[in-house]
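There are 2 protein chains.
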Amino acid sequence: MGIVDRWLLPDGVEDILPSQAKRLEEVRRRLLDLFSTWGYDYVIPPMIEYLESLLTGTGRDLDLKTFKVVDFLTGRTMGVRADITPQVARIDAHSLNSDGVARLCYAGTVVQAQADSMLANRTPLSVGAELFGDSTSKADTEIVSLMIESLKFLGFDAVHVDLGNVDIFRQLMSGFALNTDQQELLFEAVQRKSVAEIGEHCEAFGLSEGDTFLLTQLPGLTGSNSVLERARSLFKAHEGILASIDNLQQVSDTIACRFTDLDVYFDLSELRGYAYHTGIVFAAYVNGSRSVVAKGGRYDHIGQVFGREARGATGFSIDVRSLTEKVKLPEESRKRIWVPEVPTGEEDSLWQRIKQLRSEGYIVVESGQPDGFDHHLDFLNGQWQLVSGDK
Amino acid sequence: MGIVDRWLLPDGVEDILPSQAKRLEEVRRRLLDLFSTWGYDYVIPPMIEYLESLLTGTGRDLDLKTFKVVDFLTGRTMGVRADITPQVARIDAHSLNSDGVARLCYAGTVVQAQADSMLANRTPLSVGAELFGDSTSKADTEIVSLMIESLKFLGFDAVHVDLGNVDIFRQLMSGFALNTDQQELLFEAVQRKSVAEIGEHCEAFGLSEGDTFLLTQLPGLTGSNSVLERARSLFKAHEGILASIDNLQQVSDTIACRFTDLDVYFDLSELRGYAYHTGIVFAAYVNGSRSVVAKGGRYDHIGQVFGREARGATGFSIDVRSLTEKVKLPEESRKRIWVPEVPTGEEDSLWQRIKQLRSEGYIVVESGQPDGFDHHLDFLNGQWQLVSGDK
Numbered sequence: 001m002g003i004v005d006r007w008l009l010p011d012g013v014e015d016i017l018p019s020q021a022k023r024l025e026e027v028r029r030r031l032l033d034l035f036s037t038w039g040y041d042y043v044i045p046p047m048i049e050y051l052e053s054l055l056t057g058t059g060r061d062l063d064l065k066t067f068k069v070v071d072f073l074t075g076r077t078m079g080v081r082a083d084i085t086p087q088v089a090r091i092d093a094h095s096l097n098s099d100g101v102a103r104l105c106y107a108g109t110v111v112q113a114q115a116d117s118m119l120a121n122r123t124p125l126s127v128g129a130e131l132f133g134d135s136t137s138k139a140d141t142e143i144v145s146l147m148i149e150s151l152k153f154l155g156f157d158a159v160h161v162d163l164g165n166v167d168i169f170r171q172l173m174s175g176f177a178l179n180t181d182q183q184e185l186l187f188e189a190v191q192r193k194s195v196a197e198i199g200e201h202c203e204a205f206g207l208s209e210g211d212t213f214l215l216t217q218l219p220g221l222t223g224s225n226s227v228l229e230r231a232r233s234l235f236k237a238h239e240g241i242l243a244s245i246d247n248l249q250q251v252s253d254t255i256a257c258r259f260t261d262l263d264v265y266f267d268l269s270e271l272r273g274y275a276y277h278t279g280i281v282f283a284a285y286v287n288g289s290r291s292v293v294a295k296g297g298r299y300d301h302i303g304q305v306f307g308r309e310a311r312g313a314t315g316f317s318i319d320v321r322s323l324t325e326k327v328k329l330p331e332e333s334r335k336r337i338w339v340p341e342v343p344t345g346e347e348d349s350l351w352q353r354i355k356q357l358r359s360e361g362y363i364v365v366e367s368g369q370p371d372g373f374d375h376h377l378d379f380l381n382g383q384w385q386l387v388s389g390d391k
Numbered sequence: 001m002g003i004v005d006r007w008l009l010p011d012g013v014e015d016i017l018p019s020q021a022k023r024l025e026e027v028r029r030r031l032l033d034l035f036s037t038w039g040y041d042y043v044i045p046p047m048i049e050y051l052e053s054l055l056t057g058t059g060r061d062l063d064l065k066t067f068k069v070v071d072f073l074t075g076r077t078m079g080v081r082a083d084i085t086p087q088v089a090r091i092d093a094h095s096l097n098s099d100g101v102a103r104l105c106y107a108g109t110v111v112q113a114q115a116d117s118m119l120a121n122r123t124p125l126s127v128g129a130e131l132f133g134d135s136t137s138k139a140d141t142e143i144v145s146l147m148i149e150s151l152k153f154l155g156f157d158a159v160h161v162d163l164g165n166v167d168i169f170r171q172l173m174s175g176f177a178l179n180t181d182q183q184e185l186l187f188e189a190v191q192r193k194s195v196a197e198i199g200e201h202c203e204a205f206g207l208s209e210g211d212t213f214l215l216t217q218l219p220g221l222t223g224s225n226s227v228l229e230r231a232r233s234l235f236k237a238h239e240g241i242l243a244s245i246d247n248l249q250q251v252s253d254t255i256a257c258r259f260t261d262l263d264v265y266f267d268l269s270e271l272r273g274y275a276y277h278t279g280i281v282f283a284a285y286v287n288g289s290r291s292v293v294a295k296g297g298r299y300d301h302i303g304q305v306f307g308r309e310a311r312g313a314t315g316f317s318i319d320v321r322s323l324t325e326k327v328k329l330p331e332e333s334r335k336r337i338w339v340p341e342v343p344t345g346e347e348d349s350l351w352q353r354i355k356q357l358r359s360e361g362y363i364v365v366e367s368g369q370p371d372g373f374d375h376h377l378d379f380l381n382g383q384w385q386l387v388s389g390d391k
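Protein sequence lines correspond, in order, to chains P and R. So the first sequence is numbered by this note's numbering: it starts at 1 and just counts up by one. So the second sequence is numbered by this note's numbering: it starts at 1 and just counts up by one.
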């Protein structure tokens, strides 16, 4: 390959250059500082670990997204993390292993062998929060509130939230005697919201008219608050499903009260992360854009696969890069000062002056082109003085 | 593998738990903020990229340290970065491609397939600064000064700096007619500081008595400032080597003037990063510890391999994790507040009160065990009041 090609980056892989990098760092800090005031403790899981622990309880999607490498020391396969949430769940289950409620947060790059779409970034910066040890709606409400507050805190007024609960579909399916292939086909049909396909499958699998009706109604259960009433009347014979609907109601009532101008959309056939999630699932959008900037849900089973008792788990993550450009941040207000050649014998006085200016918040640059600065230093009357404009 | 094994991490791979993670984040922010006042712009190179660009001009060591993965989209080999400096040099050469002096800094995790030692961390957090477009001693002085200032800024008083210049050995070798294998053998003998081996090789390779003398003297050129005088007299016939010694003299004179209590040790046979470095090399230690916490050097050639004109390049990186435990940071001063169950109808007043307290810097926790808090909220006389101690 020629010299010219050497600097080409793979598709979905990018350098983040100064102006953007500075914004991203600012967003990262604001989010971690906000999480901290909610009692979330920062943890840093490693970039690589054994594949078993990285993929445990997570499903095939994450497996396909995970780059595998061999550990030279042991010959075992490691993965480069494509998701941080399972790592944080492992930390909760083992490294911390506290009995009560645990609140953890993180900020780190993940690497995806396959991106979600052609244009998607394959090394997103993921900042998120996870709440363990509380299986109630209160925990879901806290997590959804923190997600919305994060976006509000970054200056987004128009926040849109999608709410669903994968346990509705799971409970329905558990009532049918279907094999794995049949379940998979129905899952795909519901995910595509194809009522015709759902109906065909139901007939082929010999489901009752009543069950078929419930399944074909599912894709239509989308929209505003009234969806929950319609769902309650549809599933009035399913106690477990009514509890899942109550969970959605409690979360949505509280966030509607906490955040005015919030735009909430229910979708009871949303099955995102079905292999992984066990209850409520949610996604957030800002500024009318159709790309998800934050998402999450409940995933109660994960503690068990790490050898711990079943333990509530709910959380969200923000794709920081996807929203950094949209965030309004204050302009750089610090002044830039250029430093000229030093007259012999004045090195020390100059150094002391520069140190002082830097500690006062000035940006002081010691060499390079003397253009585009707010001030320069000049040695006048035996002193280093700040002079306006370029030298 | 059993459930119990799932959470084991590979050797040299660790979770960073809350107390340590908080310190690490604080150190990271302080360093980036300091770099910013020196005019260094933050950039974020990607975690993965094509192997050619990642390893270009870097030598075999880095190749062995780099995990390789195949890009599903193109079938080409990518590497997980084991070093960020070559990426920043690529950004300088291509993504920015400015003519003058460029100052860039970074903070990110690197992943090492093989660690430097059995006990070393394989996913260190590397925070560093690079100065491009200035081949003079002034640039080296700025970079070494910034490295020392970084450590002082973190509260380390006792900073020890090792200084060397790989160009002394390189210039000596360029004067001999030796093949690659012979050069490699001499390089290894010098790196081991084995005078006897150097002598044997010189005899076997038919080097003159004078050249043998110079090479065998090299390992002894270690110690304080007087080493430079001895080196000047030894290499008085080598104009190029005298210039390399002058470079060391200028850097060491300036840092001695800028930083009092600095402990500088010269080692003119230090060949760390020989494949990569082209001039001065340096390493820093703190608190009398023998492990390097920061290191760097000049690497002028790298712009060329990225298809750009030869361009000065010098920089350093800090292994943040290796020094975080030693840093003295202020204790957490924020108070923690516990929130009880909400009486019906008071959800909104509670939420407003919590928001206010969080914005004032309190940590407010909404559920979990009400133990170990500084205050709790209580609804008394129709108001949410802050009460000292646990509920």
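Where hints are given, some of them may not hold.
Here are the simulated DSBU-like pairs of lysine-lysine, each with C-alpha atoms no more than 30 Å apart in a straight line [claimed, not checked]: (1) Lys335/P with Lys295/P; (2) Lys22/R with Lys355/P; (3) Lys22/R with Lys236/R; (4) Lys328/R with Lys22/P; (5) Lys193/R with Lys22/P; (6) Lys138/R with Lys391/P; (7) Lys326/R with Lys335/P; (8) Lys391/R with Lys22/P; (9) Lys152/P with Lys22/R; (10) Lys68/P with Lys138/R; (11) Lys138/R with Lys236/R; (12) Lys138/P with Lys22/R; (13) Lys295/P with Lys22/R; (14) Lys355/R with Lys295/P; (15) Lys295/R with Lys138/R; (16) Lys391/R with Lys355/R; (17) Lys328/P with Lys22/R; (18) Lys391/P with Lys138/P; (19) Lys138/P with Lys236/R; (20) Lys355/P with Lys335/R; (21) Lys328/P with Lys355/R; (22) Lys355/R with Lys355/P; (23) Lys355/P with Lys391/R; (24) Lys22/P with Lys295/R; (25) Lys355/R with Lys335/P; (26) Lys138/R with Lys335/P; (27) Lys326/P with Lys355/R; (28) Lys355/P with Lys295/R; (29) Lys152/R with Lys138/R; (30) Lys138/P with Lys335/R; (31) Lys335/R with Lys152/P; (32) Lys22/P with Lys236/R; (33) Lys328/P with Lys68/P; (34) Lys138/R with Lys152/P; (35) Lys295/R with Lys193/R; (36) Lys138/R with Lys355/P; (37) Lys335/R with Lys295/R; (38) Lys152/P with Lys328/P.
Worth flagging that the hints you see were computed from the coordinates, not collected in a lab.
Hints, verified against the model:
Note on Lys335/P and Lys295/P: the hinted pairing is violated, with a Cα-Cα distance of about 39 Å set against a maximum of 30 Å. For the hint linking Lys22/R to Lys355/P, the alpha-carbon distance of about 27 Å falls within 30 Å, and the restraint holds. Restraint check for Lys22/R and Lys236/R: not satisfied, since their Cα atoms lie roughly 53 Å apart, outside the 30 Å limit. The hinted pair formed by Lys328/R and Lys22/P meets the criterion: a straight-line CA distance of about 27 Å does not exceed 30 Å.
The hinted pair formed by Lys193/R and Lys22/P fails the criterion: a straight-line CA distance of about 45 Å is larger than 30 Å. With a C-alpha separation of about 19 Å, the suggested pairing of Lys138/R with Lys391/P holds against the 30 Å cut-off. Our distance criterion of 30 Å between C-alpha atoms is broken by Lys326/R and Lys335/P, whose separation comes to about 33 Å. Taken as a hint, the Lys391/R and Lys22/P pair is broken in the structure, with Cα atoms around 43 Å apart against an allowance of 30 Å.
Proposed proximity of Lys152/P and Lys22/R is supported: the alpha carbons are some 24 Å apart, at most 30 Å. Proposed proximity of Lys68/P and Lys138/R is contradicted: the alpha carbons are some 44 Å apart, above 30 Å. Simply put, Lys138/R and Lys236/R have alpha-carbon atoms about 24 Å apart, close enough for the 30 Å limit, and the pair holds. Distance hint between Lys138/P and Lys22/R is fulfilled; the C-alpha atoms sit about 27 Å from each other, no more than 30 Å.
Proximity of Lys295/P to Lys22/R is assessed by CA-CA distance (about 25 Å); at most 30 Å being required, the pair is judged to hold. At roughly 23 Å between alpha-carbon atoms, Lys355/R and Lys295/P fall within 30 Å of each other, so this suggested pair holds. The straight-line distance between the Cα atoms of Lys295/R and Lys138/R is roughly 18 Å, inside the 30 Å bound, and the hint therefore holds. Taking the CA atoms of Lys391/R and Lys355/R, the gap is near 20 Å; set against the 30 Å cutoff, the hint holds.
Restraint check: the Cα-Cα separation between Lys328/P and Lys22/R comes to about 27 Å, which is no more than 30 Å; the hinted pair holds. Of the pairs offered as hints, the one joining Lys391/P and Lys138/P is violated, with about 61 Å between alpha carbons and a cut-off of 30 Å exceeded. Distance check on the hinted pair: Lys138/P and Lys236/R sit about 78 Å apart at the alpha-carbon level, beyond 30 Å; violated. For the proposed pair Lys355/P and Lys335/R, the alpha carbon gap of about 34 Å is over 30 Å, so the pair is violated.
Taking the CA atoms of Lys328/P and Lys355/R, the gap is near 21 Å; set against the 30 Å cutoff, the hint holds. Between Lys355/R and Lys355/P, the direct Cα distance comes to roughly 39 Å. Violation of the 30 Å bound is thereby established for this hinted pair. For the given pair, Lys355/P sits about 49 Å from Lys391/R by alpha-carbon distance, which is inconsistent with the 30 Å threshold. Restraint check for Lys22/P and Lys295/R: satisfied, since their Cα atoms lie roughly 25 Å apart, inside the 30 Å limit.
A threshold of 30 Å between alpha carbons decides the hint, and for Lys355/R with Lys335/P the separation of about 34 Å lies outside it, so the pair is violated. Proximity of Lys138/R to Lys335/P is assessed by CA-CA distance (about 23 Å); at most 30 Å being required, the pair is judged to hold. At roughly 24 Å between alpha-carbon atoms, Lys326/P and Lys355/R fall within 30 Å of each other, so this suggested pair holds. Between the alpha carbons of Lys355/P and Lys295/R the distance comes to roughly 23 Å, so the proposed pair stays at or under 30 Å and holds.
Restraint check: the Cα-Cα separation between Lys152/R and Lys138/R comes to about 21 Å, which is no more than 30 Å; the hinted pair holds. For a cut-off of 30 Å, the pair hint linking Lys138/P to Lys335/R stands: about 23 Å separates their Cα positions. A distance of roughly 24 Å separates the Cα atoms of Lys335/R and Lys152/P; the hinted pair therefore holds under the 30 Å criterion. In summary, the hint linking Lys22/P to Lys236/R is not supported, as the alpha carbons are separated by about 49 Å, beyond the 30 Å threshold.
Pair hint Lys328/P plus Lys68/P does not hold up; C-alpha atoms about 38 Å apart against a cutoff of 30 Å. Among the hinted pairs, Lys138/R with Lys152/P is inconsistent with the structure: their alpha-carbon atoms are about 46 Å apart, more than 30 Å. Straight-line distance between C-alpha atoms of Lys295/R and Lys193/R comes to about 20 Å, which keeps the hinted pair within the 30 Å bound. Pair hint Lys138/R plus Lys355/P holds up; C-alpha atoms about 17 Å apart against a cutoff of 30 Å.
Taking the CA atoms of Lys335/R and Lys295/R, the gap is near 39 Å; set against the 30 Å cutoff, the hint is violated. About 11 Å separates the Cα atoms of Lys152/P and Lys328/P, which keeps this hinted pair within 30 Å; it holds.
The structure fails hints 1, 3, 5, 7, 8, 10, 18, 19, 20, 22, 23, 25, 32, 33, 34 and 37 (numbered hints given earlier, in ascending order).
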